Amino acid sequence: MSQVLYIFIPMLAAIFVPFLYKSVKNIHTGWFVLAVPATLAIIYATYIAKVAKGEVFLAELPWIPSLDISVVSYLDGLSLLFSLLITGIGSLVVLYSIFYLDKHKEKLHNFYVYLLLFMTAMLGVVQSDHLITLYFFWELTSISSFLLIGYWYTRDASRFGALKSMIITVGGGLMMLGGFILLYLMGDTYSIRELIAMAPELMQHPWFTWSLVLILLGAFTKSAQFPFYIWLPDAMEAPTPVSAYLHSATMVKAGIYLVARFTPIFAVSELWVWLVTGVGLLTLFWGSFFAVKQTDLKGILAFSTVSQLGLIMSLLGAGAVAFHVNGAADTVFKYAAFAAIFHLINHATFKGSLFMIAGIIDHETGTRDIRKLGGLMSIMPLSFTVAAIGTFSMAGLPPFNGFLSKEMFLTAMLSLQNFDLFGFDTWGVLFPIVAWVASIFTFIYSFYFVFHTFSGKYKPEQLPHKPHEAPIGMLISPMILAAFVVTIFFIPNIIGDTFVKPAVYAIQPFLYSAPGDIDIHVQAWHGLSPELFMTIGIVLVGVLLFVALPKWQGLYNAFPRALTLNNFYDKIMLGLDVGLNRVSRLYMTGSMRHYLLYMFSAIVVIVIGTLIVKDAFTFTFKGAAPIHPYGVILIIVLICGTCIALLAKSRLTAIIGLGAVGYTVALFFVIFNAPDLALTQLVIETISVALFLLAFYHLPKLGKSEERIRFQVNRAIISVAVGVMVTLVALSAHSQKLVPSISKYYEETVYSLAGGGNIVNVILVDYRGFDTLFEIAVLSIAGIGILAMIKLRMNRKGKAHENK
Amino acid sequence: MEILMAFTIGFLFMAAVYLILSKSLLRIIIGTGLLSHGAHLLILTMGGLGGEAPPVLDEGAKTFADPLPQALILTAIVISFGVTAFFLVLAYRSYQELETDDISLMRGSDEDE
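Top to bottom, those sequences are chains A and B. Numbering of the first sequence is given in full-length UniProt numbering, commencing with residue 1 and proceeding in unit increments. Numbering of the second sequence is given in full-length UniProt numbering, commencing with residue 1 and proceeding in unit increments.
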């Protein structure tokens, strides 16, 4: 129970932030906030030892019990690792933000409320065992990320970036919800653990592939995979602590988490392996290739994040292969999942520190443009050290943790080509090659980042501020992260045993019976293996290309702007906006006649269509009354009257035509034995005609029809169609009566029960008196309305236009 | 007889829809008038036109015309009269205020956009 409440601690703490901000002006609000992630990190740290042994912790808080929806906190190796990253890096980011954001100039209460909200959302995502609450927290991360990216809401770029990330991630989130619902329908449970247990049955289900693709779309949009990565570079408009926290260490890994979490369910599918590995590698290559083009420090890091996320994703895909190999625990495929989690930890450490360094450079020099920067090594030695550690690790050099995970990555990719399932034996050769080329670009942009900023010519005249070393408080967080980068290199197996193996056990539960069974031992020196030669190749080619960078970096500008994905996105958004506007202008003409045309056509099409589809039209003379000779005469008169009303040029003739129709109808009532109707019809027709004459005394003459001929044709077709439709419906309704009228009852009881002889009148006031009551109400309302229209007149020129 | 009436009513509906689709408010109101006549006759016809006598006792007749459709039509006549009267005055007032009875000119004001 309390385990569930830990998730909500940041959200509850967020309530107090605005009060603290308003009442305690002297102390930076961040110091109070810092206590929240720090406490949580300590709480989650107490689970480490037990989870490493393979224990899991489960707590449930019912939310909507009748729909079987509850908030479930499930702590196993994978979710504990993510929870520790979220709270641990969260603490460092809050600490960093205390020095980064000015307490007088910034709206800190907004910032920390959003940040704490995000923390709850993220903890909820990684700990939820329930599909619906997982989705709930997932969208909460999208919303809080939207708020954080748009933190400086007066800037256009911030709002654009926030909107873009919102549209893409929420779009993906909705896809994911669809996948979740399909999973629920297939397995009849919301619990991920139970779904994993029934994975073999799920595979047989026809919806299996649909839910797989939909859930992957959610994961790919969130984790900025190709081609959905485009929101991430634009999200760099957020304050740097946000970029460091959300867009490198935590939120973008939610998709990774999702893929890892659902691997036991979907990995049996060939499509899953191909999609996850393929998209991951493509993203890896694409991101690293375009990172070299960027001129903004955070832009480089954004593309680098995209690329590294692709790396982790491809490793998860390769890890899924292990589900297809007998005795996989003894083969080389076991490396992939381990490498994925290991690199995930490593990436969080070095990328977090690099973002913080980029923020420091921005803060101290006033620019993030790499073309203006240079020669800061002697001015900012501490920042340089941290940046160098981070970038060398990113490039995959010893003695930093990136080296270890990159070696394991290459091992995993090399092992894929030995795998003779799904055509990996033919195409598998590509995997290590793409990985190798991408690693070279990674090497280049890493060096580009650190050396173009800190070495080279010092250009003080181009910098807005006079640069100096950052305050020590700002440097604490990146230094701690950099310390991790180095430490992990020297004690990889402690990290492996404590964090990585329990997480791998959660991803591949069928392969091992306990985390301890995973016999992977990370070695910095692993002999003269192909991986080592590949790394040497990366370094050699990378250094050569880096030295020659000024000569070929210009080639990037040759890439046409029209073919970029951002351009596609902009075109789509603009196209939707303009196109849909055009579509609604097309039919929303403002003309009542058009709308009536749509309505009548719709009615005709639906009714006649139904008649045809259901084969409902029948025609019989059976049961019809004999033809009345007066009736025929009346029909002729009625049609003449209608024609007069239809074709009259003057209003008087039209009104007389209508009157003639009305009186003929009254005569119909006479011959069809309806005396009350005839009476009413005569009176009312008289009054109506009088009213018409009264009102139209003031109306203009009927103008000669100047309407376009085309519209007249439409009009004629539609009106004939309506007439035909009514006739057809009347004929078939009359020809197939199902039950006799209930009027026998009225005839028999009208005198004995109601004491009257006129059946129609008795029905009106006795059997069905309520109709009459409200018909009286209708008349009264019409009368009052008419009175109001005539009496109440706002002065046209005066108060009528209150909008002006 | 019902068959003939069905065709007549179809003709009435046709004329009504044609008038409702015209530009002038006056024609539209005449169209609604024809439409309600058509609807009333349709109710009567669908109830069956048989029966020797009006639905009033004490005539010694064996079969009556069906009283229920007549009650329904009576209600409908009154309601359509109320609505038509309201509509008429509305047209009259809108002509007074807008100085046109051409509905193609009544497209809302520019401020709406």
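If you are wondering where the hints come from, they were derived from the structure by calculation, not from laboratory data. Since this is a predicted model, take the numbers as computed values, not measurements. Some hints could be false.
Claimed, not checked - Listed next, with one range per pair, are the computed distances between beta-carbon atoms: (1) B:LEU105 <-> A:ILE776: 33 to 39 Å; (2) B:SER104 <-> A:ASP369: 42 to 48 Å; (3) B:LEU105 <-> A:GLY785: 44 to 50 Å; (4) B:LEU105 <-> A:THR295: 44 to 50 Å; (5) A:ARG585 <-> B:LEU90: 24 to 30 Å; (6) A:GLY757 <-> B:LEU90: 53 to 59 Å; (7) B:LEU90 <-> A:ILE633: 55 to 61 Å; (8) A:THR686 <-> B:ALA61: 40 to 46 Å; (9) B:SER104 <-> A:SER741: 25 to 31 Å; (10) B:LEU105 <-> A:CYS643: 25 to 31 Å; (11) B:LEU105 <-> A:LYS293: 57 to 63 Å; (12) A:ILE633 <-> B:SER104: 53 to 59 Å; (13) B:LEU90 <-> A:VAL683: 18 to 24 Å.
Each residue gets a CB set at the ideal place from its N, CA and C atoms; glycine is no exception.
Hint check:
1. At roughly 37 Å, the beta-carbon separation of B:LEU105 and A:ILE776 lies within the given 33 to 39 Å, and the hint holds.
2. In this structure, B:SER104 and A:ASP369 break the distance hint of 42 to 48 Å, their C-beta atoms being roughly 59 Å apart.
3. About 24 Å separates the C-beta atoms of B:LEU105 and A:GLY785, a value inconsistent with the hinted range of 44 to 50 Å.
4. Distance hint for B:LEU105 and A:THR295: a CB-CB separation of about 58 Å, inconsistent with the stated range 44 to 50 Å.
5. Under the hint 24 to 30 Å, the C-beta atoms of A:ARG585 and B:LEU90, about 29 Å apart, fit the expected range.
6. Roughly 41 Å separates the CB atoms of A:GLY757 and B:LEU90, a value that falls outside the hinted 53 to 59 Å.
7. At roughly 37 Å, the beta-carbon separation of B:LEU90 and A:ILE633 lies outside the given 55 to 61 Å, and the hint is violated.
8. Range check, A:THR686 to B:ALA61: Cβ separation about 30 Å, and the 40 to 46 Å hint is violated.
9. Under the hint 25 to 31 Å, the C-beta atoms of B:SER104 and A:SER741, about 46 Å apart, miss the expected range.
10. Between B:LEU105 and A:CYS643 the CB atoms are about 28 Å apart, so this pair conforms to the stated range of 25 to 31 Å.
11. For B:LEU105 and A:LYS293, the Cβ-Cβ distance of about 58 Å falls inside the hinted range of 57 to 63 Å, so the restraint holds.
12. With their beta carbons about 40 Å apart, A:ILE633 and B:SER104 fall outside the hinted range of 53 to 59 Å.
13. B:LEU90 and A:VAL683 have their C-beta atoms about 23 Å apart, which keeps the hinted 18 to 24 Å range intact.
The earlier numbered hints that this structure contradicts are 2, 3, 4, 6, 7, 8, 9, 12.
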